[in-house]
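The primary structure of each chain is shown beneath.
Protein chains: 2
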Amino acid sequence: MIRWLMSLIVAVSLALPAWAQGLHDAVTTFTLDNGMQVVVVEDHRAPAVQHMVWYNVGSADEPPGKSGIAHFLEHLMFKATETMESGEFSQVVAAQGGRDNAFTSYDYTAYFQRVAADRLGLMMEMEADRMVNLRLTEQEVETERNVIIEERNSRVENNPRALFGEQMNAVQYYNHGYGIPIIGWKHEIEKLGRQDALDFYETFYAPNNATLIVSGDVTPEEVRELAESHYGPIPANPDLPPRLRTSEPPQTAARRLSFADPRVAQPYVARSYLAPARDSGAQEKAAALTILAELLGGGTTSHLAEELQFDNEIAVYSGAFYDGTALDETTFDIIVVPGAEVSLEDAEAALDAALAGFLDEGIDPEDLDRIKMQLRASQIYGQDSADGIANRYGRGLTTGLTVADVQAWPDILQATTEQDIIEAARAILRPEASVTGWLMSAEEASQ
Amino acid sequence: MIRWLMSLIVAVSLALPAWAQGLHDAVTTFTLDNGMQVVVVEDHRAPAVQHMVWYNVGSADEPPGKSGIAHFLEHLMFKATETMESGEFSQVVAAQGGRDNAFTSYDYTAYFQRVAADRLGLMMEMEADRMVNLRLTEQEVETERNVIIEERNSRVENNPRALFGEQMNAVQYYNHGYGIPIIGWKHEIEKLGRQDALDFYETFYAPNNATLIVSGDVTPEEVRELAESHYGPIPANPDLPPRLRTSEPPQTAARRLSFADPRVAQPYVARSYLAPARDSGAQEKAAALTILAELLGGGTTSHLAEELQFDNEIAVYSGAFYDGTALDETTFDIIVVPGAEVSLEDAEAALDAALAGFLDEGIDPEDLDRIKMQLRASQIYGQDSADGIANRYGRGLTTGLTVADVQAWPDILQATTEQDIIEAARAILRPEASVTGWLMSAEEASQ
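As they're listed, the protein sequences go chains A and B. Those letters in the first sequence? Residues 0 to 446, per numbering that gives the first Met the number 0, in order. Those letters in the second sequence? Residues 0 to 446, per numbering that gives the first Met the number 0, in order.
Chain A extracted, bound-state conformation (with noise of 0.2 angstroms):
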């Protein structure tokens, strides 16, 4: 505890102007004049800029029985365009000293490149380019396929875990892109060809589909001359289909599976709910849920700690898990791992009768005053990290939410009442829209 208001002496005193005028991030926004938004973020303690291009396409975009393109084109980018040898890219930027990667979610693709500032236009000439000029034989997407595969093996198919929320996910979503893994399903993934890639590639990468974010030393009037000059000749995609998100058929019956795997060796009870997520305009149930998370389950004081781990010994860890920065309709995820001698029976019975306990006595006004400041000092802490401020503008730029969404979000936060989460609580955590799931070793599953 002590450590932890050092911190915040220390995080306040630095960033004293935001804590004292309240949160503003030192972010300018535009639009080119093919659609592409731009958001600068200027940070000038060191002479280096991220570089990023936020694609609004992710997993849930993906039609029937192609799981897995969207991660699998983030591979591919990497291969040759017209002017650049597979594999440039990135020699390229770490030739600059700079590194670069990408990540593929359900909602989005990234693309960046950390480099120093005076490489800020070469690495959208780059990124420019490979927007547009992709060039894939058969030969290296059958070689980046099996990559792909044996990414999945080592992650998904080796970790009874990561096997077990897949399954999880799947029953918690009747209708909707996010109950396929990102990755893709295994099957399918061993199906998808360049044909594929490229029908993805030509419908979703353009401009008018694309956030440009760069954050660093770098000013805005900078970024808008390059951004003209490298990407504002790239033409929109006339003909950009909107967002097709099914959505999910009234969820009524409470689900539960069990997943048995010799390789398990800690044995735990999740569950998840189905919870709305940031709605543009409208975020206020999902500051509620993020605090929610919190007190029921965000470290050793808040309520499934004290009343699974200290108070009854039943679980040697508990925790809840909600992140809002969804498109559509996301998860509220809670797990307890029970004690030696616990079984998940008890430990499932222990976590109903807390959250049930939760409920009825209310919310402890201190706590959440507490979990209002550790929300506020980790923003503060936030504040410094110019690619962290990126990254949360790209993720609310890529699932619906504006630049005003993303600005007004820590005050929402903090506007958020004990009665607006024990609402929120109450709404989400029906049976009828949960799934339960035991992870258990194949011992315990035949017994």
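Hints were generated in silico from the structure; no laboratory data involved. Fair warning: this is a prediction, and the values are worked out from it, not measured in the lab. Built from N, CA and C at the ideal position, the CB exists for glycine as well.
So the derived list for chain A, only partly shown, Cβ under 8 angstroms to chain B, looks like this: (1) Pro-63; (2) Gly-64; (3) Gly-178; (4) Thr-251.
Below 20 angstroms or equal to it, Euclidean Cα-Cα: the simulated SDA-like pairs (lysine to any residue) are: (5) A/Lys-371 to A/Glu-417; (6) B/Lys-190 to A/Glu-328; (7) B/Lys-185 to A/His-175; (8) B/Lys-190 to A/Pro-240.
Assemble the complex: chain A is given as a structure, and chain B must be docked to it using the hints.
Chain B in isolation, oriented as in the chain A frame:
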């Protein structure tokens, strides 16, 4: 039993040639130049014909977010064409003393009329007309959408068993359209519009995606001449897409759900297992599962009935169901309705014990012989119904089977051995590919 034997004897004497020579349908098949497949089933006992057009498209072929459009279009096919007024189709059929209707399933949509044999040409003229000349107004589409919403309300929303079944199916399938109801999710039906119907119609309604089946008092030569005259001039759709069907990832987690509704008078336990369908040239597993369903739960002499209803009085009803006529992986379903004093938990435990007992004990050859004789008898009865034969070919040809597959099926069933059935049972009765559902009254759920 006596009554059943009597019926069999009557059936055998009526159908003696088929019985003596094996089952051979009086069918002729050919294909028009535009790709339309034709099946003719001759039956000259009455001067009537059944005229059917089956399209190789059903609810499992719908685009994401458009659930219900196959069934919606089926309704709209009774509206106006360029030369017929809305509703006139059925009026003409009725004026000729006939009757007509249509139906939609996961894999097919079919339209049929039953009329005097000399009206066959008129039926073809009208059916060929609406294959290409449908004209939809916004007003009629809107009216019909309300009809369909009302249909859903009465069949599903007011029927807890149907709602329960929808949630079971959605949990059974992670990645395939069989997890979505044929009639559509209500929230998606509400958004279906004229253009959705026209897109679906223009994509899938074409002679090269259809099978014409005519049964009754007609010769193949007559059908060919009429079909060439009426359907022959319609061009094939060169852009007909392949049937895009996603397949399931490994199902590795036993799932359970409970569904409570105050309208439930009789609670029960339902269990579904993912199961293979009849595949062209490889129908043996499906044949074994067809017989397994009869052995396990096909009436009062079945294993489940004996174990659960008569020996133990656990259940007032039990049944097992399997229909392998599907394009993709289907389900094997079991239901147990417990007695008044028996809990769902106890009923489920008794079901699992009975299944384990079945696998342990193996199959009594006399039981297998009895089931085979029943199947043979019902096939012989079926020979008496030209319409039944027409439906059998229609369902087979729209689910990936050939005429030869349909004809081979009775013999494949008869060739199934005890070992085939036990192997098939062991292969599908896997908890990790199953869903167990409890349909409960609200009262029970709160206990």
